[in-house]
Amino acid sequence: MEELLSILEEIRPDVDFINNERLIDDKILDSFDIISLVGELASHYDIEIGVENLVPVNFNSAAAILELVQKLQESY
Amino acid sequence: MSYTSGLFFIFLLTLIVVYFVVPKRFQWIVLLLGSYIFYLAANPVSALFLVVTTISVFYCARWIGKEEERFSREVSANAETLTREQKKHIRNKSRRKKKLILIGALILNFGILFSLKYFNFFANSTTYLFNILSIDATIPRLDLLLPLGISFYTFQSTGYLIDVFRGKVKPDENIAKFALFVSFFPQIVQGPIGRHDELAQQLYGSHEFDYTRAKFGLQLALWGLFKKMVIADRAAILVDEVFGNFAAYEGVTIFSGVFLYCVQIYGDFSGGIDISRGMAQIMGINLRENFKQPFFATSIADFWRRWHISLSEWMRDYIFYPLSLSHSFAALGKSTRRVFGSRLGKLIPIFLAQLITFLFVGIWHGANWTFVFFGLYNGLFIILGILTEQPLNRFKGRHNISLTGIGWRVVNVLITFVLVVIARYFSRAPDLVTALRMLKRTALTFFPIDISGGIFTEMGLNEKNLQLLVVVLLVLFLVELLQERGVQLREKIAKQHVLVRWAIYFIAVFSILIFGMYGINYVATDFIYMGF
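If you're matching them up, the sequences are chains C and B in order. To convert, note that position 75 of the first sequence is 75 in my numbering; the numbers rise steadily by one, no gaps. To convert, note that position 381 of the second sequence is 381 in my numbering; the numbers rise steadily by one, no gaps.
It is possible that part of the hints are untrue.
[As the list claims (entries may be wrong)] Here are the simulated EDC-like pairs of lysine to aspartate or glutamate, each with C-alpha atoms no more than 20 Å apart in a straight line:
id	chain 1	residue 1	chain 2	residue 2
1	B	Lys464	B	Glu484
2	C	Lys27	B	Glu173
3	C	Lys27	B	Glu289
4	B	Lys87	C	Glu74
5	B	Lys492	B	Glu480
6	B	Lys87	C	Asp46
7	B	Lys97	C	Glu52
8	B	Lys66	B	Asp240
9	C	Lys27	B	Glu484
10	B	Lys88	C	Asp25
11	C	Lys27	C	Asp46
12	B	Lys168	C	Asp25
[Unchecked claim] Per the computed footprint, the stretches of chain B lying under chain C, defined by three or more beta-carbons under 8 Å from a beta-carbon of chain C, are:
id	segment
13	165–178
14	206–213
Because the hints were derived from the structure by calculation, they are not lab data. The beta carbon of each residue, even a glycine, is placed where N, CA and C say it ideally should be.
Looking at chain B on its own, in the form it has when it is part of the complex:
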C-alpha cells in the first residue's frame, strides 16, 4: 500500500480508531496485526523472510541471555574459590559461546539480505571479470524479489541482537511482541532504523489518545506529504530528463538537475519519514529523527550527522566503533605510529575504519559500483576534513578569521553543498561511466552559450510548474532555516490566532490536493527508498 493511496488512508484511519478503542493491554496486538496486514498486502510471499528474521533473532537473543545467566550463576556460586585469572577464563569462554551464537544469527540474516539484494551485482561483476580474463563462463542472474523493507528491518533486528550480546538490553520474552518490533509498519518501508531500548517499551506499552499530540502528528504527516507530492514528485520530472538525456544540456543545467535530484530525494525520503513519524506520533509512539536540515551541514562529516541519521548512527555503533576498537586495529595503530609518527599514525587506523564504514554505507544504498564509489567518496572527504582541520585553524588564526563567525560558516555550507551534489551524480546515474561522463560534461561546458531561453524550459515542466517549484523550494528553505535556528514550528503554529492556524492548514491541504503531482504515472511513483 502506497502512503499516498486512498486504501492506505482507510487502513490507517481504521487502525487508529481500533487502537484507541480496545483495552490498553491489547493495543500492541492491534499494532502487530496492522503491521502484518500492511506487509502481506504489499508482499505476501516475502513475509516469509520477515518471519525467518523474527524467529532467528528472537531465539538467538534468548539463547545469549540464557548463557549470560548461566555464566553469572557459575561465577557467583564459586566466587570465593575462584581466582581472578580463573574468573577471566570462564568469562572469556562464555563470551566466545555468545559470540558464536551472535555470528550465526548475523550470517543467516545478512546472508539473506546479501543474496537477495546483491546476488545479481556479484553475478554480473564476476561475469564481466571472466570476460576480461577470457574465461568463457557466465554466472546466471536470478530473478529475485526484494522483500519490503528488508534493509531496514534486518538492521533494526540485528542491532537489537548485538545490543543483547553487549548486555545493553535484555532479551525480549514474548515472540509476538518481538514480531511487532521487527515489523512495525510506519518504519518498515524506509526506516528510521530504531533501537530496542528506545522503541520497545513504546510499542508494547499503552497509550491514551491525546488531542494535541495527534494534532502535531497529523501536521507532521501533512508536511511530509507536501514535501513528497508537491516538491519531490515535481522535481523528479526535471531530474529524469537531465539524467536520461544529459548530453543535450550544458553544465549549469546538468548541475542544477543533480541539485534538483538532491531536492527530490530529500523531499521524498524525509517526506516519507515525516509521514511515518507523524502516524506513529498520533498513536503516541516517538520514532527517532532521521534528518536535521542536512543542507546546512558545514562538512561531509556533519552532513552524515544530519542525513539518514538512523543509518549513519547504526553504522557508527555496529561497524565503526567495533572495527576501530578491535585488537587488529589497535595493533595496526601501533605499527603506523612507529612508521608515521604519533599524530598521523594514530589517525590511520581510524581513517581505515571510517573508509570501511562508508563503503558499507555506500553499498547499503544499492548493488552498483556507483554506490561503492559514493561510499568511498564520502569516506574520503571525511578523512580530508580531519586532516585539514588543524592546518585550517592555523590559517584562520593567522588571518584573523573568526572560527564561529557566520561568514566562515556560510563558506563551509556552500563547499559542503557542492561536494554533496557531486556525490549525487553517483547515486542517481545508472553506472559509473555515465556518472563520470556527466561530471565531465558539467565541468567542460558549464556556461551555456545562450541562456536567454532559461535553464529548465522544454524539459517536462511548463512555466507555471517551474514557478511553483521555485516557490515551494523557497518555502522548504524557510522552514528548514527556522528549524535550524531551533524554532519549534508546530508549537509556534499552535500559539497563533485561530484564523492564522486554519489558513496554514488550508494552504497545506490545498497545495497537496491541487499541486501534488498526480500525473499519468502517479500510481507508479512510489517512494524511492521503498526499493531497499
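Pulled out of the complex, with its shape left as it was, chain C reads as follows:
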C-alpha cells in the first residue's frame, strides 16, 4: 500500500489518498490523472490495465486501486 500511495501522491500531491473513497464519483481525479496513473501502475507492477478496467469502482479509493492491481497480477 505504501508503494501505491507514493505513486498516487506523485501524480496528485494535493489529494488525500488515505482517506478519500470517492476519487472518481467526486471528480477529484480527471481523465488525465487516470491515464497518468494507469501508465505508472502498468510499468511499476508489470500489469496490463485495459480500458474495460477503467470503471469508477476500481479507482474510487487507494484500496480499490490496490485490489485491481492484485487481481491483474494474478490473472492470465
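Fit chain B to the given chain C structure using the hints.
Using the frame of chain C, we list chain B on its own:
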C-alpha cells in the same frame, strides 16, 4: 416532425396515453412503434440505414457474446491441464477473433456515417488539391441525404458494441428490444448519446404513471421550449445578420454577435435536450444530462465536462482512453520520456491522444475545415491548461492568491468564456477564410467610433425585441446560477404556494406562446443539431 409542431404534440400525447394504458409488458413495444413512426414520418427511405445499423450491431454483439462463452467453456473444461501460458494463448486467440468481429461492424457503421456525412467534404478538398497540383480531375459531389440522427444512433450503437466486447454489458437477446435502444425517438434527433447499461433496462422495463414525475418532466420540457423558441430563435436573427454581413459592423458588434451565437446554439441544443429528457421523464425514463451550466466553466477542459457531455464522454471512453492506453502510445511514452525527461515526456502521448480525440470531436460537428480547426483549437487549449497548471499554482502561491477564492474563479470563467466565443467563430462561419477575416475585423476595429445608436439596432430585431432578449438572457443566467449552486429548481417550485407555482407556469406558457419566434420562416427553423 419538428418538436415545435402541433402534429408532434398530438403524436406525443397519444403515445403517452397508450403507453400507460397498455399492459406493462407491452410498454416497450409502444415505444418501439412510436419511435419508428416518428422516424418514418421524418425520413422513410433513411430508415433503411437505421435498420442496417440495428441488425449489424445486434448480430455482431451476439457473435462476440457466443465467442466469449465458447472461450470460457474451453478454459474451464481444461482448467487442470492447461498452463498459465497456454491459457494466455487461448485467451489472446479468442480476443483476436472478437476484435475482428468488432472491427468489421465498426467499419460498416462508421463507413456508412462517414460516406454520407463526409463524402462531399473529401470530394471537394481532393478536387481543390488536384487543382493546386494542376491535375485536371474533379471528384463529383454526390447528392446524399443524411438520415435523421445518424451521428447519434451510430455512436450509441457502436458504444454498446464496444461495451459488449469489453465485457461490460451482456449482448441483448431480443432484436426488437434492441431496435428500440437504437431508435428511441426522444434521443434520435440530437441525443443525448446513451449507454446501454444505463438505458436498456429503463426502455425495456415497465413504468407506472407517476404524477409528480410527469409534472417535473413537463416542466423540464416547457423550460426547453422556452430556451429554444423565446431565446435561441430570437438571438438567431441577430446572429444571421452578423455572420452574413460582418464587414458592415465593428468588432464589438461582431464579438457580441458571436456571443449571441453561443446563446443561440446553447438555447437551441440544451432546449431540445430538455424537451427530450422531459418527454422521457413523463414516461419514467431517465436520459442522461447533456449540459451542466457550460458558461460557468473555469477552463476549456472544464467546458467539455459541461457541454454536450454525452459526446465528450463517448469520445473519452471510446477514443481517448483506448488510444492513450494502447501499446503504441505506451511505447511512444517511453521514447518521449527519454528525450524530454520524465514529466514532459509522460505527458506527450497524453497530449497527442487528446489532440486526436478533439480532432474527432471537431469533425463530428461537421464536414468542414472550420470544424477541424475548432477541434484542434479546443484540444490545444486543454493541453495549454495542463502545461500551465503547475506554473500558475506556483505563481498564485507566491502572490498569496487563494486557489479556491471567488475572485480567481471569476477570472477563469471570463477567460474561458472569451476562448469559447472565439472558438465559435469557427463553428458558425461558412469557411475558414471567413472565420479568420471576422476575427481580424473584430480585433482591428473593436471599438466603434460612435455607439450612440446602440449595438444591435437595425439588425432585424426592433427595440422591444432587443429589450426582451436582454430580459430572457437575464432569466437564463439566473436559472443557471441557481443550478450551478445546486438548487433543485423543480423541487423548489413544487414547494411554493400554489399561487406562486401557477404564476410561474402561466408566465412560462404565456412567454412561449406570445414571445416564441413564430416568424414567417418559422416552419423552416428546425433544431440546428438535427442536421447531424
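We went through each hint and held it up to the structure:
1. B/Lys464 - B/Glu484: violated, 30 Å
2. C/Lys27 - B/Glu173: This hinted pair is violated, its Cα atoms lying about 35 Å apart.
3. C/Lys27 - B/Glu289: holds, 16 Å
4. B/Lys87 - C/Glu74: holds, 13 Å
5. B/Lys492 - B/Glu480: holds, 14 Å
6. B/Lys87 - C/Asp46: holds, 18 Å
7. B/Lys97 - C/Glu52: Holds, at about 17 Å.
8. B/Lys66 - B/Asp240: This hinted pair is violated, its Cα atoms lying about 54 Å apart.
9. C/Lys27 - B/Glu484: Distance of about 16 Å is within 20 Å: holds.
10. B/Lys88 - C/Asp25: violated, 34 Å
11. C/Lys27 - C/Asp46: Violated, because 27 Å separates the two Cα atoms, which is more than 20 Å.
12. B/Lys168 - C/Asp25: holds, 19 Å
13. 165–178: Per the Cβ count (3), the hint holds.
14. 206–213: Check failed, 0 qualifying residues.
Hint check: violations occur at hints 1, 2, 8, 10, 11 and 14; the rest are consistent with the structure.
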